[in-house]
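> Here are the chains, one letter per residue:
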Amino acid sequence: MDAPLVGFLVGLIAATLRVATPLLFATLGELYSERSGVLNLGIEGIMFLGAFAGFAAAARAEAAGWDAYLWIGLLVAALAGILMGLLMALLTVTLGLNQHVSGLGVTLLCTGLSLFGFRLVFGESAVLPRITPFATVNPLPGVPVLGTILDQHLLTYVAFSVLVPLGAWVLYRTHFGLNLRAVGENPEAADAAGIPVFRVRTIALTAGSALMAIGGAFLSLAQLGAFTPGIIAGRGWVCIALVIFARWDPVRALLGAVLFGGVFALQLRLQAQGVQLPYELLLALPYLITIAALAVAGRNAPYPGAYLKPYRRE
Amino acid sequence: MGLKLERQAAPVWVQPLLPVLAIVLTFGLTSVFVLLAGANPLRAYYHFLLEPLSSRVSLLEMLVKATPLLLTGIAVAFAFRGGFWNIGAEGQFLAGATAATAIGMSMHGMPALVAVPLMALGGFVAGMAWAFVPAVMKVELHADEVVTTLLLNTVALLCVSALLNGPWRDPISQWPQSPEIASTAILPKLVPRSRLHLGFLFAVFVVLVVGFILTQTTLGLRMRAVGLEPKAARFAGVRVERTLLVTALVSGGVAGFAGMVEVAGIHYRLIEAISGGHGYTGILVATLGNLSPLGVVLSALFVGLIDIGSQTVSRALGVPVYLGDVIQATLLLVTLAVLLLQNYRLSWRRGGAL
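Each protein sequence line maps, in turn, to chains A and B.
Per the numbering used here, residue 1 is the first one in the first sequence, and the count goes up by one each step.
Per the numbering used here, residue 1001 is the first one in the second sequence, and the count goes up by one each step.
So here's chain A without its partners, still in its complex pose:
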């Protein structure tokens, strides 16, 4: 292969891992919610709030001269996610309200709160506030190809090598995971077996929302070092598609995130190279693939048994 092509591919692979990271965080978060029986359409907004809250906290901490400002930002983002997860749980688990309307409401709320908060914290300055973002870690500095590909953020390493195996292990090999799947498949039977349905669902939603918020914060704290209104731009909806595409399995979610991330990265790099293409149609591809996958799977799509169904003790 000639050098420019190798360079292009190496750059593409590295970018794919970077782009896939926030998708992976949020997809795992959504996967956990859905496995417990709750569709969390708050995902798009929670990612946005995570990006904002993380950035605002980090910017303030950086201005105050704290060294760990980025980690503070990440923590604040996770807390914001937890808060929204609790709200979502109050609405859909405790009160048993319509899950899609609740979720969209949470998305609208998070979007409004973030934009409102941004104006309060940073005013109407014409200059976009910026922070110095997370630096990448490179285990093989100076090594060609592999060194470039592995030159990633710590959070990317966490997502790929810790979160996915851990997520799969918790889901399939732990008591909690068993309970989670049980309340997602058949809450009545789980309740009868003594599993605390409401608590398990609340934990799943809260932990899941924290992951979504961290996924959003990755964009503002690691990738951009800034917060813009278009920072999430539908990535949350991509993750909704990814969960289905992954058939509710964490390992397949990783493959899906890489595939979808690859499409986005390819689009970005082609655009950077000035190739004339309707990029938007390339960007629409993941959605169309998911819809086609749903059409093919049809009745056999392995939705959790209690998906979208609130549970009430009558």
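The set of hints was computed from the structure by calculation and includes no laboratory data.
In this text the structure is predicted, and so the values were computed from the model without any measurement.
The reader is advised that the hints may include incorrect statements.
Derived DEER-like restraints, expressed as beta-carbon distance ranges [to be verified]: (1) A:Y172 / B:H1142: 23 to 29 Å; (2) B:S1055 / A:E188: 52 to 58 Å; (3) A:D67 / B:N1040: 38 to 44 Å; (4) A:W66 / B:Q1008: 52 to 58 Å.
Going by beta-carbon spacing under 10 Å, a handful of chain A positions derived as facing chain B [as the list claims (entries may be wrong)]: (5) G96; (6) L97; (7) L104; (8) L109; (9) V275; (10) Y279; (11) E280; (12) A284; (13) I291; (14) A295; (15) L308.
Ideal Cβ placement from N, Cα and C applies to all residues, glycine included.
Position chain B against the provided structure of chain A, taking the given hints into account.
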């Protein structure tokens, strides 16, 4: 002590009061954010709700804002009543706006009596077409329409942006926007020196028609039966699949028509922000209006008022204009919760946790 929900229908006179209760609770909750912005909540709510109502300009502007919401609101309410969870009004709106623009741009020299009906038809059919895929997938393949309609929203937005950055890009402008539609395709103003246009009357008319279908026809009865309990409806001889399909198509068509109205009444061209969330706000309007046609009218006007009010309060007190978004979202969630009281009674119990 714990909060306990017990199944018990509320008395009839309570029902219309529930949205009012939701509104009061919402303004109570969101006053925290007004305080955070350093303003007095009472003064803020005066500028928010009363000042717009006291001037002719902002009253008319409220009707302008309510116009697309009447349509997306009734589209969503219609679908939800019929058991089709259409989250895709946004995408159907965009499809309708795109088709209407395509027709409007080719209507130069045509009389308004040809151009406007054609655009309206185009918008309606395009919205229907955008709802058709999720509808068929639900009916034939049992694919969850919440997800398919939602994903198609983004696809619609990407298609609009592909058109505006590509073949439709207005050569004169540096922004991604289409050329203007023909002057005869533009909806006339209802009131001079305002933005209020004929589309408002169209919207009211459509709400009346859809409300009539929903409450006074056998189709409406079948739809509501399917929405309440598909199995029972099937047992009673209703063709559930066909009814769902009709529900989805009408809902998509009305949302598409909303897109046409915004193109022909306000923007006269296609822009990326042509909807800016009217489809999602339609879900708020439908929920706040308790899925009834009259409720949709009232809530569309109220949400329009919040839109205007957030600008007034921002000008008067310097509270960020996004307060309006926060209030709308809070209102949606609070309404959803408060409407539980239609069928449940809240009580405090000692000892029992929820």
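> Compare the structure with each hint and give your call.
A quick look at each hint next to the structure:
1. A:Y172 / B:H1142: 23 to 29 Å: Given a distance of about 27 Å, which is inside 23 to 29 Å, the answer is holds.
2. B:S1055 / A:E188: 52 to 58 Å: holds (56 Å)
3. A:D67 / B:N1040: 38 to 44 Å: holds (40 Å)
4. A:W66 / B:Q1008: 52 to 58 Å: At 54 Å between Cβs, range holds.
5. G96: holds (8 Å)
6. L97: Result: holds, 5 Å to nearest chain B Cβ.
7. L104: holds (6 Å)
8. L109: Constraint on A:L109 satisfied, holds at 4 Å.
9. V275: Violated: closest Cβ of chain B sits about 14 Å from A:V275, beyond 10 Å.
10. Y279: holds (8 Å)
11. E280: holds (4 Å)
12. A284: holds (4 Å)
13. I291: holds (6 Å)
14. A295: holds (6 Å)
15. L308: With Cβ-Cβ at 7 Å, under 10 Å, it holds.
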